[in-house]
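J.: One line per chain: the protein sequences are A and B, in this order.
At position 190 of the first sequence (counting the first as 1) the number is 190 in the numbering used here, and the numbers step up by one without a gap.
At position 171 of the second sequence (counting the first as 1) the number is 171 in the numbering used here, and the numbers step up by one without a gap.
Quick caveat, the hints were computed from the structure, so don't treat them as lab data.
Do not rely on the hints blindly, as some may be mistaken.
Just so you know, same-sequence chains aren't split out, so a pair can sit in one copy or run between any two.
To be verified - With a straight-line Cα cutoff of 30 Å, these simulated DSSO-like cross-link-like pairs (lysine-lysine) come out:
no.	residue 1	residue 2
1	46	11
2	249	149
3	249	11
4	149	46
5	149	256
6	46	7
7	249	7
8	214	149
9	149	7
Number of protein chains: 2
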Amino acid sequence: MRLVRTKSEVKEWVNRCRVDGQRIALVPTMGYLHQGHLDLIREARKQADRVAVSIFVNPTQFGPAEDLSTYPRSLDADLERCEREGADLVFAPEDGAMYDSDHSTWVVEEVVSLGLCGRSRPGHFRGVLTVVAKLFNLFDCDVAVFGQKDLQQVTLIEKMVRELDMAVEIVRVPIRREPDGLAMSSRNAYLSHQEREVAPELHRVLEAGSRFLKQRGECAVEDLLDIMREGLSRFPAFRLDYLEVVDRKSLRPAVKAVCGQVVMAVAAYLGKTRLIDNMDV
Amino acid sequence: MRLVRTKSEVKEWVNRCRVDGQRIALVPTMGYLHQGHLDLIREARKQADRVAVSIFVNPTQFGPAEDLSTYPRSLDADLERCEREGADLVFAPEDGAMYDSDHSTWVVEEVVSLGLCGRSRPGHFRGVLTVVAKLFNLFDCDVAVFGQKDLQQVTLIEKMVRELDMAVEIVRVPIRREPDGLAMSSRNAYLSHQEREVAPELHRVLEAGSRFLKQRGECAVEDLLDIMREGLSRFPAFRLDYLEVVDRKSLRPAVKAVCGQVVMAVAAYLGKTRLIDNMDV
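Take the sequences, apply the hints, and build the full model.
T.: As structure tokens, this is what we get:
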């Protein structure tokens, strides 16, 4: 496995892959890799001849009051994990290698990006789409793999690919959970012992909603939300950001909760840590 | 030469070019081709093995009060010209083939796009960058050719390519002028006989400015602008949109006019027709 730090090294590697007629898969990450990321790399191995992992804590997707400076980093451990999963290349650009100092070109999405996480993180998806577009262009990748945990992110990336006619296939990988149900996230490292104890309740609430909807087949969205809100209200440590039942494709608030057509999505703070989770029904 | 109407036909053609190891040049146009466009096609021929011309009056770059519906079209004549210049493919998508009805992903530039034409055409460059990004992705082109007449456009496209890490080389082709100096433009077709008579004064004013600056080597921007404003004021048919002396690279208003470092750029209306022109010094 090779570690490269510059765009020109990436291009060299890509050119060699192309000459050899190899299919390239890219797994864009912000590092601090956990089992969820390793699932993405494993999926990428199935999808292509060559697998590249990018590790870059992208500053443009963090708001001014967000956790850019404290975001957990562990390059050595990440490299070991990538190697073990059979990645061929890791691209870990130095800060500043990705953006010119006068960078002013952005990829924006103006509808789907406004709800859910976009509401409390203005500019976040502008940063995400821009860096992902840059990585897709750099790697000229045939396929890219993303986790379902970041539901709005993967939905927006699929939309960008479609609407900007990018020749990349997007593959979604299911959420990887801890044994107690907590969705794996690099940000779980922020949780205190007490917060970590209560964190899985976010998932349990979605499970309760899922059971309710499966029993009914369909129901009023408000009834489903009531069930879940009630469940969450028993744990006052959570400060709810949103709890929504949305259409699986458009991510617009669902008019009616119908089994198989909706996703339940939640974001909540535990202390300063923002957790998100979601579940198809 | 082949004429295709759909994205999937483009992709087939591109794939065949790729299998044959051929270098692809793209010439994006809005049709109603004149000698200026044909210069672009000729340059493209020099740059690549295969030349594609796109002909698409892109609705997203027209403002609500602009001339989308009246923009001149002449597909049959355009095809003849493309064939004569040795284009291999013309892509002329039907209206609606380029954008989904719920299109909401855009490429925006937030600094250079605000001045000059951007000031009086808000959203214009958003439409331009988005359609050009789409075409670059569709054609997977190695090189794309643009005219210098649309100075801000080509500057922004170069910036987009650099900042989104697109693997396309941008080639600029000098302005093609009528014998009397008027910069060729599809919009010249709108001019009445009387307007057409006075139109070349736009170029003459730039030439007067150029002579003035060449004599001095450098001068205060205001002095240079005074010369040109005075020249233009003799023709009251012009309604000036802007007249600026800008830095050649950043397109920011120049602090000082120095030979070799600045561009003089002008936009003015004759009746309802908006003309632009520019000149390096």
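J.: Between the shortest in-copy and the shortest cross-copy C-alpha distance, which are at most 30 Å for residue 149 and residue 46: within, between, both, or neither?
T.: Within. Shortest intra-copy distance 20 Å satisfies the 30 Å Cα cut-off; inter-copy 49 Å does not.
J.: How do residue 149 and residue 256 come out at 30 Å by Cα distance, when the copy is not named: within, between, both, or neither?
T.: Close inside one copy (23 Å), not across copies (54 Å); limit 30 Å.
J.: One pair to classify: residue 46 and residue 11, alpha carbons no more than 30 Å apart. Within, between, both, or neither?
T.: So residue 46 and residue 11 pass the 30 Å test inside a copy (23 Å) and across (25 Å) alike.
J.: Is it within a copy, between copies, both, or neither that the alpha carbon of residue 249 lies no farther than 30 Å from that of residue 11?
T.: between (34 Å within a copy, 26 Å between copies)
J.: Is it within, between, both, or neither for residue 46 and residue 7, if the alpha carbons may be no more than 30 Å apart?
T.: both (25 Å within a copy, 28 Å between copies)
J.: Quick one: residue 249 to residue 149, C-alpha cut-off 30 Å, is that within a copy, between copies, both, or neither?
T.: within (15 Å within a copy, 43 Å between copies)
J.: Check residue 149 against residue 7 for me: Cα-Cα at most 30 Å, and say if that holds within a copy, between copies, both or neither.
T.: Close inside one copy (28 Å), not across copies (32 Å); limit 30 Å.
J.: Please sort residue 214 with residue 149 into within, between, both or neither, judging by C-alpha distance up to 30 Å.
T.: So residue 214 and residue 149 pass the 30 Å test inside one copy only (21 Å; across, 62 Å).
J.: Tell me, please, which holds for residue 249 and residue 7 at an alpha-carbon limit of 30 Å: within, between, both or neither?
T.: Only across copies: residue 249 and residue 7 sit 23 Å apart there, 34 Å inside one copy, limit 30 Å.
In summary, this structure violates none of the numbered hints.
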